[in-house]
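Trainee: This is what each chain is made of:
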Amino acid sequence: MLPKEMLPYIGAILLLVVGTYAIVAKKNVIKIIVGLLVVEYAVNLFLLLLGYRDLGKAPIYPAGVNPQEYLSQSVDPLPQALVLTSIVIGLGVVAVMVSLAVRLYDKYGTFDITKIRKLRG
Amino acid sequence: MSEPAEDRPERLVDDPSHGMTLVVKTITRLLAGFILIYGLYVVLYGHLSPGGGFAGGVVLGCGLILMVLAFGRRFVVQFISERGAGMWDSAGALAFLGIAVLGYLAGRFFQNFLDAGKPFQLFSGGTIPLSNIAIGIKVSACLFVVFVALAAFKLGDRDASEPEKPESHTA
Amino acid sequence: MPEVLIILYVLMAFMVIGSLIAIETSDLLSSVIAVGAVGFALSVIDLLLGAPDLALTQVVVEVLILVFLLRVVVTRRDETHETHKDTFAVGSVLLLLGALLVCCFYAFHYMHPFGQPLMTMSRPYLEKSITGTGAVNAVMAILLDFRAYDTLGEATVIFASIIGALVILRKVGRKRRE
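Chains as they are written, first to last, in numbering that gives the first Met the number 0: chain A, 0 to 120; chain B, 0 to 170; chain C, 0 to 177.
Note that these hints are calculated values from the structure, not bench results.
Accuracy of the hints is not assured; some may be wrong.
Unchecked claim - Heads up, simulated DSSO-like pairs for lysine-lysine below, C-alpha to C-alpha not over 27 angstroms straight-line:
1. C:K127 - A:K56
2. B:K24 - A:K26
3. A:K114 - C:K170
4. A:K114 - A:K25
Stated by the list, open to error - Using C-beta positions, here's what the derived DEER-type ranges look like:
5. B:G97 - C:R169: 22 to 32 angstroms
6. C:I16 - A:V23: 14 to 24 angstroms
7. A:V23 - C:D149: 29 to 39 angstroms
Built from N, CA and C at the ideal position, the CB exists for glycine as well.
Using the sequences and the accompanying hints, generate a full structural model.
Mentor: Have a look at this one:
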């Protein structure tokens, strides 16, 4: 397979790499949350790219169209259903992370994780 | 009058100390109804056009959060209390589970037991519109409750039960 | 090259540059807004790739995530100060991630090319969704009829995470017995 045909997948993995770097190497809690969000976008993008068909249409059956033509032209709906689940679960995860960040700032007065490690509270 | 004057809701709507400026409040009063109707549309027509329970539920939740942001938390909580929203949240989740268990009437867990109907009608698709409504109620109520809790959290306001600790130690 | 691919590459470059800006900038408010821009670009990519459900959900969830993050960030007045750079950690992370990219390049040879999906499971789903369930939106039919158990799991996860967030934000603590 030529690299030209897998270039979108490489782009999604590049975004994943950027997000993972942010989670591991950054010392501010908000930057870590931002990195986790970028990883989530990258994974959703990668799953969505798996289901794309060249010049395909959305998987909603329009009225008065031959079912065979609809089947041969629509994109794959299964990755879209999985990514929909993933997006909404990501919202729940961000809600928990944000409440943890608020509590951390309330208790320690800083977002720097090196200082949070040093304080005993 | 049984209530003191400053607790009546009419006094608090245009009170400049709560919520945002008058421009934001006026625009919100005009727009909030349309946003909620749009959220209901996305939930109800989920099986015919893009959207569904989750997207519509988040739109409805955003409409309620808009009202909290514009009018202030104390004003909105008079009409939609946290306990009430929490009960709607649980009711939506239980309704979704109930639809799943009722599938046993047709022989299998989660079986679509209602009539499929003709395509492109609002009342088609069996249990799918009912599931969409249950999920829409659940998602909107839970997002409202979390936002009210996040807005009510005051920083630096420790509870009295914790022993007082100094803010930082020098290493 | 078809237009869809050109727009897709431009938007993906925008996403990568936007996420790099979001991570490296020192002002917390700017980084939160940059992440919002990245999410919005993802929603446009969803629309481009024929997934309107996802575009709608992504843009609304993105706005809500921005509101939550702004609630945390706006009351802060400090910015991040990198006290000392841990070059060994950063260097080793970048090395391992580069190795991941190289391995992915070899792994993708075994996948189907971009633009020709396999659709082994989706073909019967698409056929049955028109006549069997009566729901015209195939994604909703999959989520709530063919794979409704996953949706039940998702509702449970959201329920549990919201309860967890409420417990973390609770003000009433336990009384310590001295």
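Trainee: State for each hint whether it applies.
Mentor: Now the hints, each set against the structure:
Only pairs whose Cα atoms come within 27 angstroms are accepted, and C:K127 paired with A:K56 is accepted, the gap being roughly 18 angstroms. With a CA separation close to 39 angstroms, the supplied pair B:K24 and A:K26 exceeds the 27 angstroms bound. A distance of roughly 24 angstroms separates the Cα atoms of A:K114 and C:K170; the hinted pair therefore holds under the 27 angstroms criterion. Proximity of A:K114 to A:K25 is assessed by CA-CA distance (about 13 angstroms); at most 27 angstroms being required, the pair is judged to hold.
At about 29 angstroms, the CB distance of B:G97 to C:R169 agrees with the hint of 22 to 32 angstroms. A C-beta distance of roughly 20 angstroms is found between C:I16 and A:V23, which places it inside the suggested range of 14 to 24 angstroms. Between A:V23 and C:D149 the C-beta distance comes to about 30 angstroms, which sits within the given range of 29 to 39 angstroms.
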